Amino acid sequence: MTFSQQKRASYWLLLSPGLLLFSAVIVFPVVFSFSLSFTTWSGYGFPKFMGFANYTKILADPIFQHSLRNNLLIVAISVFGQIPLGFLLAFMLHRRMVKGGEFYQTMIFLPITISPVVVALLWNQIFSASGLITAIVRRIYDDPRYVMTIFENRNLAILPILFVLLWMHTGTYMIIYLANLQKITPSVLEAAQIDGASESQMLGRIILPSMIGTIATTAILAISGSLKAFDLIFAMTGGGPAHFTEVIALYMYTNTFKYYKYGYGSAVSILIVLLAVGLILILQTISRRIERNYE
Amino acid sequence: MRTKQLLLTVFVSLLLFPSLVFSAGTKESAAKTTDDGVITLSVYHYLDQTDKTTAPNFAYLVEEFERKNPNIKLQFEYGYGESFHDKLQTLAVSGQLPDIILLYPGKRTSQVTSAGLVKDLRPYLQGHENEFADMAMQAQGEKGEIWELPEDISITSIMFTNNRLLKELGLSLPKTYAELLAQGPIIRKAGLIPLSIANKDAWPMQSCVAGMLLERTGGMEWFDKAIAGDARFDDQVVVDAMEIIKELTDKEMFSPGTNQLAYGQGLDDFVNERAVYFIDGGWTVNNMVGELTDEQKTYMSLESFPDVPNQKGKSLSVSATAGQGFGMNAKLSDKESEAAWKWIWFYSGPEGSAIRQRFGRLPAYNLSEPSDADPMIKKLISFAGNVPMGYVMDSVLGAEPIGTFNINLQNMMFGTMSPKQVAQELETMVEAIDRK
Amino acid sequence: MTRNVTIWKILSYLIMITFTLLTILPLIWMFLNALKPHALIVRNPLMPPVSFYVLNFVRSWTQGHLGVYFSNSIFYSMVSTLITVFIAMGSGYALSKFSYRSSRVIYMFYTLGLLITVHSVIVPLFIMETKLGMANTRLGVIIPYIAFGLPFQIFLATTYIKGIPDAMQESAIIDGATFLQVFRKIILPVATPIISTMFIYTFLGNWNEFILVQTLTSDISIRSLPVGINSFAGGMSRDYGLQFAALTIGTVPMVIFYLIFRDKIAQGFAAGATKE
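Sequence lines, in order, name chains Y, E and B.
Remember, our numbering sits 1415 above the position in the first sequence when you count from 1.
Remember, our numbering sits 16 above the position in the second sequence when you count from 1.
Remember, our numbering sits 74 above the position in the third sequence when you count from 1.
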């Protein structure tokens, strides 16, 4: 065997198990989904070809539009909430601004280890009208009929979920940034400090620029995760009340499994992928431009 | 040009793809007969195994059956809640339907029954039809088929009443809707909930309230016409019924935050005597047997919702449906079908029904009232014998119209939709999906 | 200058303590309620338990078959995690150090895989598995677990291995080592930090997975913990005491697991997120 033959053989040998499994379990069903998305199919008999009818119907559906809006809010809370907050926390821990940083670090990351189902049930017991917060307020004001109206507002009902998501995922980003901050040579920061730079100046001029690559990478994870958001919301509100907290993945689930519209559901999942690809492309353009500015 | 052709070929083959997968035949039934003549049947059942009342009761029934039929072995798979239906759907689509399946009489499992995947039970049932409540023997298929043998009659709109609290407040059972509304301020002033109902899951308001109100405002004749398409779901009678729900909401008659309360909270508030009335289905009697104290059982009664203005339906009517029951896979051989029928008949027939009645259910099979039953069960049986019955909406309308309607009721309660709009959208959905 | 630092310090403590309380309080509350009978929780969710009602744990453990589910969870998580990490390392090596043109395409392919939800493939997957006789078997659970773990793990592995200097590989190759030997003797040892991150991350994901097990299996004997816990969450059963006990049983092992491997996670992330 020549060297290049050996190289090529090793290459495919290393790749093949992954490709095989990935194709069988994910690619094959997705292709299936894609072709189904142009049809109506209730699960029996032959699918009927519909062209783009499913797609136009979905885009015109107000429930889908509201789900999309909620999903974009989740993307926003990830990109503009979890990431900056995680970064800030990492910065604070790295600059040793608190005593016992190790302990706080553990506590902030802890929610990640808990199953979304458990997290949802836990927070439901806290937020629900028969739960903790209501019980406290009812006691304080001695008003047995008090309920939080935020959950019954079409625009605001998503807020508690955003809050739980922020609580749940900030830790992941904090850990990633913390690790990367450790790669910045300490002498650079020391030199700046001697020159009289404040913490905020160090953050803005030295630390942030060196982390742009990492931030862009984590933003991709944040976007793809946000658009897929399902487990937590399914277990917390099921999209309710009245679709106020609906997200696209849930919308797809309802149409497929409750209304038996496989073609329609498939079209929704294809839209999720398209949307994510679009957002990620935008993100990459922006981050490339910022990086160029710093160079 | 060549790339264009290539793309076209790929596209077309992708479209053909699903049919390729699904034309590939379906498997034989899973039933197995061993050498010693023991038949093993797979059963898919709706059961929450952590339910402290239902799960042990069901286990007892199975034990009894297997003791009496040593040559039939049942292998159970359980599901509950939405995942029961998700899994049933997946099993059916992939041709993996178990030998015996729990099915629903209305539209909930019609995807399975109308696809010819299960057997018509009429040949087996012949001669026993009169032993069941009439409601249970109504046709389930287009040609009058009976796909499943209903186990119970479900009354979905019982107004459970705490007579001790009523008396304490100096009130009596309201005869009319106006009287009920007038009681609201008095009950609330005492720090209590007038009408306990937990609607987070969105189906209770439809299943336990809306259907009953429709019968009251429209009457059964109108209801039948509307289903057939000769009347419409946006007729004034529907709007009237919706207005009642809206008014009950606006006048704070329901549990505070009802749309945030998980199902079960309604019963909790009633059992803990924080509510005077509680609207739910007859199935909760099952839980009440265990959760109410003996003393409580003396002053809790089962009632109907009071008369509404311009009532065209019957006074005191409730919404009711023949419940779910077991059906069998169409692919079973004669011998296997016989074994499967043995279980179905045991469960919904005289033996199983007698056992289930003692557990607090209301069997579809006609039984005499047991003398040793729990007081709540006796109350349920006598209630069922005395009230006129109308339709439960989710057993006569399809999954999607009902799913949308449930949500719209919530919208209406929040004020994001008007009663008129709710009725109009219901009509549109039923017209587009159910009446085609 | 000092004033500036003080503001930062106050802000830091504020945020850190808020986060910590948000994490600790609900968990303590969950644990305390798990020690109360249902009736007491309903009457007053805030009150601490008067006596330790351990029966909740006993009953949720036996009624919910949590014992069987627990050992299944360990089995699925261990086996599929080991295989996922191994395959991902191999793929990561191939994609980062061989510089073939196909690498880019395959890498893109996996990145798209990050976007696929389980629900959009579950029906075709179930049909496939039943046709192959793999539904309701342990293998039928493990294979999708591996496949769904791959995109993110390959993402981590590739970025990390890219950061290992080419020189290490080149000198070994000049000495006559094959690429597989390089993978085994150089890449794997150097990559231990990322391997532990990948391991922990995948393990957590598999441990908490719900939908696949729920759909692809039907026997109690092969289902896993989240299915068991979820069955306390809804339906008609409303025993909050049991629910809290089940939640505690589901949460505690992972918290302990995390506390043990905490340092590894931090280390591994440091390595994993290295760009370039």
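Hints were generated in silico from the structure; no laboratory data involved.
It is possible that some hints are incorrect.
[To be verified] Chain E is faced by these chain B residues, among others (derived, beta-carbon under 7 Å):
id: 1; residue: Val116
id: 2; residue: Asn118
id: 3; residue: Thr204
id: 4; residue: Leu206
id: 5; residue: Phe331
For clarity, every value in this text was computed on a predicted model and none was experimentally measured.
Beta carbons: idealized from backbone N, C-alpha and C, even for Gly.
Results for each hint:
no., hint, in the structure
1, Val116, "5 Å, holds"
2, Asn118, "11 Å, violated"
3, Thr204, "5 Å, holds"
4, Leu206, "11 Å, violated"
5, Phe331, "25 Å, violated"
The structure fails to meet hints 2, 4, 5 from the earlier list, while all remaining hints are met.
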